[in-house]
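If you're matching them up, the sequences are chains A and B in order. Under the working numbering, the first residue of the first sequence carries the number 1, and numbering increases by one thereafter. Under the working numbering, the first residue of the second sequence carries the number 1, and numbering increases by one thereafter.
In short, the hints are calculated from the structure, not lab data. A virtual CB, placed ideally from N, CA and C, is assigned to each residue, including glycine. Check the hints yourself; a few may be wrong.
To be verified - Only pairs whose alpha carbons sit at most 25 Å apart, straight line, appear in this in silico SDA-like list of lysine to any residue:
1) A/K39 to A/A21
2) A/K112 to B/V161
3) A/K32 to A/G45
4) A/K112 to A/V69
5) A/K112 to B/L80
6) A/K112 to B/A163
7) A/K32 to A/T52
8) A/K39 to A/G24
9) A/K112 to B/L157
10) A/K112 to B/A69
11) A/K112 to B/L156
12) A/K39 to A/T52
13) A/K112 to B/R168
14) A/K38 to A/L28
15) A/K112 to B/L73
16) A/K39 to B/H34
To be verified - Covered stretches of chain B, going by a simulated chain A footprint (3 or more residues, C-beta under 8 Å):
17) 133-142
18) 153-166
Unchecked claim - Calculated from the model, a selection of chain A residues having no Cβ within reach of chain B, i.e. all distances over 10 Å:
19) P19
20) K39
21) T41
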Amino acid sequence: MLSEFAFVGVLIVFASLLPIAGLGFAWLVRPKKPNPIKKSTYECGLETIGGTWVQFRAQYYIFALMFVVFDVEAVFLLPWAVAYDQLPAYALIEAVIFIAILALALVYAWRKDALRWS
Amino acid sequence: MLTNQMVQILVFVILTIMTLGGGLGVVSSRNLFHSALFLVLSLVGVVGYYALLDAGFLAVVQLLIYVGAIAVLILFAIMLSRGLMARRQHQRNEQWWIAALVVLLVFVVLLVVLGQVDWPVADEQALLSPNVSVGQLGQVLLGPYMIPFEVISVLLLAALVGAIILARET
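Construct the entire structure; sequences and hints are all you get.
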């Protein structure tokens with residue numbers, strides 16, 4: 001079991017080495033001719049108006065809370081998914097009921113216009 | 001030649017640097033938002049500890065709930081608070097030495113408890129047999145504990161409905 005996590009470790013090492021290698025090599029071979037436009041955060045696109053460290057709208061919080069609810073749903077569906085081929089047929093119905101009740105939450109949010117950006 | 005145990009110790013050291021370094025960043029960063037990001041780093045380190053202890057499901061839960069959900073909630077709470085985003089702040093005040101004293105006392109108490117309590121260790125047989133896997137957990141969750149499993153979804157539904165009612169601008 002622990003050796004299975006070793007694969008995750010190898011993946012993490014390679015996933016971090018690959019961009020470092022790419023960016024490092026680019027840093028070695030690139031010409032260095034900075035100018036103000038090149039050094040700006042967004043070379044193309046709209047300039048930001050005012051400071052970016054501002055208070056955000058409270059409406060974002062509903063989206064965060066909905067994300068948390070479905071995040072917890074994913075945690076409980078994981079054991080079901082892993083044990084799927086060892087479970088009896090009625091387990092599928094149980095999981096469908098579980099998802100359906102949570103889909104009801106999504107429908108409620110939709111009907112209450114909580115998902116609409118106003 | 002690297003042995004299995006040496007690799008484990010190496011990983012443990014890296015995780016400890018990550019967790020403690022993240023924790024240090026939380027209490028020393030001048031910007032509250034950066035503190036929250038350091039907290040995420042610290043929590044990811046704890047995910048590694050769970051994986052090292054062969055507790056796969058706990059690692060997944062820690063990653064999804066703490067790193068995924070709780071950290072997002074904390075970051076959003078900071079972003080939604082007035083004046084917390086930009087202000088530089090001092091994390092220390094003139095009472096720091098009292099806090100340090102209390103921390104030291106707690107550490108000593110923990111050290112004494114660690115040394116005195118006879119921690120029960122699972123017998124060799126239990127250690128050799130494979131741990132409770134995620135699959136076994138799923139079998140139990142959808143077998144004998146199917147009613148609690150379904151009640152969880154109702155609880156989550158109630159939480160979401162409550163959140164929408166409370167948070168909506170009417």
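Could you grab the alpha-carbon distance between A/K39 and B/H34 and see if it respects the 25 Å cut-off? 23 Å, holds
Would you check the hint for A/K112 and A/V69, treating anything up to 25 Å between C-alpha atoms as holding? Cα-Cα ~17 Å, so holds.
Taking 25 Å as the top limit, are the C-alpha atoms of A/K112 and B/L73 close enough? 22 Å, holds
How does the coverage statement for the segment 153-166 of chain B fare against chain A, requiring three or more residues with Cβ below 8 Å from a Cβ of that chain? With 9 residues close enough to chain A, the hint holds.
Pair hint A/K39 and A/T52, alpha-carbon separation not exceeding 25 Å: 18 Å, holds
Holds or violated: A/K112 to B/L156, with C-alpha atoms at most 25 Å apart: 17 Å, holds
Verify that the Cβ of A/P19 lies farther than 10 Å from every Cβ atom of chain B, and report whether the claim holds or is violated. It holds; A/P19 is separated from chain B by about 18 Å at its closest Cβ, greater than 10 Å.
Does the alpha-carbon distance linking A/K112 and B/R168 stay inside the 25 Å limit? Distance of about 9 Å is within 25 Å: holds.
Going straight from one Cα to the other, do A/K39 and A/A21 come out at no more than 25 Å? At roughly 22 Å apart (the allowed maximum being 25 Å), A/A21 and A/K39 satisfy the hint.
Is the straight-line distance between the alpha-carbon of A/K112 and that of B/L157 25 Å or less? 14 Å, holds
A/K32 and A/T52: Cα distance at most 25 Å? Judged against 25 Å, a Cα distance of about 29 Å means the pair is violated.
Quickly compare the C-alpha distance for A/K112 and B/L80 to 25 Å and report which way the hint goes. 22 Å, holds
Taken one by one, the earlier hints fail for this structure only at number 7.
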